[in-house]
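Okay, here's what each chain looks like letter by letter:
4 protein chains.
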Amino acid sequence: MAGSVFGEHFKISTFGESHGPAVGVIVDGVTPGIEIDESYIQVQMDRRKPGQSSVTTPRKEYDKIHILSGVFEGKTTGVPIAIMLYNTDMRPEAYSDIQNSFRPGHADYTYLQKYGIRDHRGSGRASGRETAARVAAGAIARKSLENRGVSVVAYTKEVGGIACKTFDEASIEKNPVRACDPEAAIEMVKKIEHLSSIGDSCGGIVECRIRNVPAGLGEPAFDKLDAELAKAMLSIGAVKGIEFGAGFAAAAMQGSEHNDQMDKSGFLTNNAGGIIGGISTGAEIVFRIAVKPTSSISSPQRTMNIFGEECEIRTEGRHDPCICPRIVPVVEAMACLVIEDHFKRQAALMA
Amino acid sequence: MAGSVFGEHFKISTFGESHGPAVGVIVDGVTPGIEIDESYIQVQMDRRKPGQSSVTTPRKEYDKIHILSGVFEGKTTGVPIAIMLYNTDMRPEAYSDIQNSFRPGHADYTYLQKYGIRDHRGSGRASGRETAARVAAGAIARKSLENRGVSVVAYTKEVGGIACKTFDEASIEKNPVRACDPEAAIEMVKKIEHLSSIGDSCGGIVECRIRNVPAGLGEPAFDKLDAELAKAMLSIGAVKGIEFGAGFAAAAMQGSEHNDQMDKSGFLTNNAGGIIGGISTGAEIVFRIAVKPTSSISSPQRTMNIFGEECEIRTEGRHDPCICPRIVPVVEAMACLVIEDHFKRQAALMA
Amino acid sequence: MAGSVFGEHFKISTFGESHGPAVGVIVDGVTPGIEIDESYIQVQMDRRKPGQSSVTTPRKEYDKIHILSGVFEGKTTGVPIAIMLYNTDMRPEAYSDIQNSFRPGHADYTYLQKYGIRDHRGSGRASGRETAARVAAGAIARKSLENRGVSVVAYTKEVGGIACKTFDEASIEKNPVRACDPEAAIEMVKKIEHLSSIGDSCGGIVECRIRNVPAGLGEPAFDKLDAELAKAMLSIGAVKGIEFGAGFAAAAMQGSEHNDQMDKSGFLTNNAGGIIGGISTGAEIVFRIAVKPTSSISSPQRTMNIFGEECEIRTEGRHDPCICPRIVPVVEAMACLVIEDHFKRQAALMA
Amino acid sequence: MAGSVFGEHFKISTFGESHGPAVGVIVDGVTPGIEIDESYIQVQMDRRKPGQSSVTTPRKEYDKIHILSGVFEGKTTGVPIAIMLYNTDMRPEAYSDIQNSFRPGHADYTYLQKYGIRDHRGSGRASGRETAARVAAGAIARKSLENRGVSVVAYTKEVGGIACKTFDEASIEKNPVRACDPEAAIEMVKKIEHLSSIGDSCGGIVECRIRNVPAGLGEPAFDKLDAELAKAMLSIGAVKGIEFGAGFAAAAMQGSEHNDQMDKSGFLTNNAGGIIGGISTGAEIVFRIAVKPTSSISSPQRTMNIFGEECEIRTEGRHDPCICPRIVPVVEAMACLVIEDHFKRQAALMA
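Protein sequence lines correspond, in order, to chains A, B, C and D.
Residue 0 is where the first sequence starts when you use numbering that gives the first Met the number 0, and the numbers rise one by one after that.
Residue 0 is where the second sequence starts when you use numbering that gives the first Met the number 0, and the numbers rise one by one after that.
Residue 0 is where the third sequence starts when you use numbering that gives the first Met the number 0, and the numbers rise one by one after that.
Residue 0 is where the fourth sequence starts when you use numbering that gives the first Met the number 0, and the numbers rise one by one after that.
A portion of the hints provided could be inaccurate.
Unchecked claim - Here chain B is said to cover these stretches of chain A; the calculated rule only asks that three of the stretch's residues, wherever they fall, bring their Cβ under 8 Å from a Cβ of chain B:
no., region
1, 137 to 145
2, 249 to 257
3, 298 to 311
Honestly, the hints are just simulated from the structure, not real lab data.
Glycine included, C-beta positions come from ideal geometry on N, C-alpha and C.
Whole structure, please, built from the sequences with the hints as guidance.
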């Protein structure tokens, strides 16, 4: 397969380029009888959409979703749900001056090498806009998980070297960087605005917590729950790393420290991040991802053009100086897709 | 599917528990006409096998492989290659005293929760012995990659807080921890031996470099090359994190630093780790994984038994105090499987 | 997975109900650089669309296709191609009187049993309208196959007991039943019109020939080329059987008759239908499918309603008295999808 | 994938050539806790094994199975079950005289075209011996289906033009052709013995009935239950066609005849063969397959050799003059695999 299908049972197929007519998704394998409507999905779309604040791009993609199938009289019917998002704020001409050069950090060069042909409008299929389809599909998974009592929350943990010092969940959606520490959030905004003003960008760390997943989800060997979450997260454009529980810090720990011991109340610690041997322990699933700085910056950079000549490039246009706040709902969506799929896989195994 | 099949085109299925009669693998989709024999594969098996040095477990599993199909007169025929490894040093009775308790850090608890039934001999399917089958399959992929000019090398980068300071590739297979710095290796061995003597263990970091992968391998959206490598690595039991190129350090970098600029000679830096937009750039692919400390330690730990009672446990037996040196060939094997698969996927796309 | 994804490498995902807003398809894995436009695909859509003649339903679904992605400046780019068909002639109210009864021969009963919920408008997902998406996807595969020199042609071989006696390929698209014998076609039309006038319907046999497939396509064991074609054909709603080459007649033949002997010019006969051991021989691939009589008939039939009561039903509305002429392009489309997929699988194997 | 993996959830991978050391299978996704042992599986193996009677080949492959994993203390554990069958009656030298010629009806030519390399011993991977692995895997599925109350029975319906006139289920396993009519069986044996004596062979028709499948199994669109059964059956070497219920006879029927009407007791007829719209109706699932005459015959045939020369060939050796009696357990095994898989898929959908 060619990479645009994800999931075994709760299975999605996506399509669409940033500057074509639409992006969209088909969601197959959805439990019939789930109550869902466009407004429920739209809430998640609005969390991802551009133009939410001073730290996100001012592009106006309204990301209005249209359900074309699989829902009847407000309930899922069990057949594929297609969701469409028409692109309304395309400016392909804005890219005409860069159509012949490879933007550093972008997939321009690798796509041309792979396909031998290039859709130079925006980033084509490599655009972050592709994640809108994931968020739409993830919202359906999220609704099903809500019915199971599972919650998924992600938030910015660190931006440009500024780390959250507290975990104030209630504040996450109230600050423009979606940080879990409102005071750190203020510093983060300042840093992002400053970098934006000098034509630069920054990266960060996003953390995700999944609660009330029962013990026993995930597969041994290759489809371990953490392996599948890792794939899901690394499949998001700007993500360069992932760690579960103690993560890379485990490398410097001793077994007596890292092992999560138990008593009658359950695990005494959660260094494993809620997954052992690839299977959920019943504890909170916790992971963090490394988000690279936005590649599109307006300061000049050295590059090549398609004619093999060296040149300089500035990526003008409307770009997020830090992608963390908008990647948060994408992380949640991908996590929802993986967990919902594994509920179904476990049901199939035990049937 | 239930998780024991890996790969799209170069596809493997594994089976086997640590204390059953055998472990093994079926490798499907192998290019016909590749010259291969048991001795080529055995070299890789011997790198993974226990009992290689003072820092690995003294168990004597000779890991002698047997090819049962798919090779005729020294060449692959294109049909499935089955490889079998009979277990010869099983001591299931050694596990009888722990059969009713959940060993901290092990999958005992999660397997019982998942399956409702438990094969308590060793770790059953969750044993590291399962990776022997991966190494056998990976050796076939490696042979094909050699024909393509691709090389894959992994090594220990850090153990118990001791980091390599140089990259001396020639020294890797000459020291018992497979570190890339022979001086650091000496310190690492001391540390591991000390921890072992006090009934404890430690983790580490393993790095992998894949060379001569042409630009253009990998898929957009979900099956990005880094996403697939991440899944492959996190599917190895003790791995708790992965990062590509600059990895988590990218979170504190600015776009102007992180972006890999180009001139006529190619990329000027490799912060991306050889993959942009999920597709190989032609530069070296570089990633690091976090390896947790071995869960089996002989110092006492608190846990529960299957009757719901609190108890104390010591995991006696023959265990590696640090799994890094033996995980190195497993990392290489999984990397080979992913890269070989993507060569074939690219061929299918362009056909 | 839930059944709406087809193909390994040339992979399609479909969605849509007959009386929802749209049906559509995402086609993934398409070779980049293929010249294609909407008009090429529209030709195939028009062969499937209703209202072509007196023997097809007068519904006016214009089946106008819209390409939403994956094609740029007249060429495929290698990323997913989404094609949308908006439903323009929906009359859900026409089905209100049958919404509580199970139409004989239709999937009303089985869908309710499967999903526990029912979209009663038309046949929902079980409608023949779903095949429009297949024809659109098949047209892309057909274009690629044309570039390879492969042709796929299907035609009506028998209708209501009237069999073609000649094979006049040029006449197929010139008669309303798409029969390969223009004289038989006249009798077929009479029969269909008569049955239609008395509120009944009839079945038939459709044959398909695939030419210039090189020897060597198909896989041993489970994914034999004939096995995959069989699945593809039986996945079309009204198809109840398939046979290759001599087919069921082989059951009464002797080995000395059935075996296709060879001389320097190739195979002397083609009882195998172009596939031996699941792999193409290089000879023409020939198979026939059994098409059941249209289930929707206006004469009264006994059935049950959803309240468990016996009742009588007449399926009024606009229906094809014989589905053969419209199933022809669907058979061709599915055959194209299978063959194109196996070209790519073979390329992957040999890479 | 390369074709040796079958099933979504109840997933098998097979390997092995007729004259290599072994054939075998890995069965993944088996429900944990099913009571199974080698003797239960051996019963099915013995039904398929050669040398059962005068109408089957006298080769002595004892087909003794060995379970290597996934079963502990008499119960399935939920992890992959590997089953091995060592080849004990190999005579590769018997094939040395035909190693350079293409046997008519065999896959010798197509395999060489596909792979460019050839394992000429027996039929290699294309040998009927490959089906032994299927029967082993099918026995596990059968055991699970028994727990669900589902039964699967196949039998010879017609051989060499001689058709069964009654359906006497109790007699099936008591006559050497596994016919459902003991009187017809006597004629069939005579015919087969006669053809064998003159160096020829014959084909036949095998029918399969699956009982107590609840309404609602199967998927819409591509993975229809009949589509999946069709693929499963056509993946068996000698099968050239399949039909469900009325099958090809439906082509000459009218809708008013073919539609299965209902009353309170259920469907009044079963022309659909137990599947409508790809989903089980709850009625008996009935299908028939066309089995070609055995390709290996000792009378002389024209063919080519690998040097491009015309020649004559006689396929000496130990071959079944009619494969029907031995294909019966293979048909049942494949049917069991498909039905068990769809039970699990339905569980996943509804979870």
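Starting from the hint list further up, note which numbers the structure goes against and sort them upward.
1
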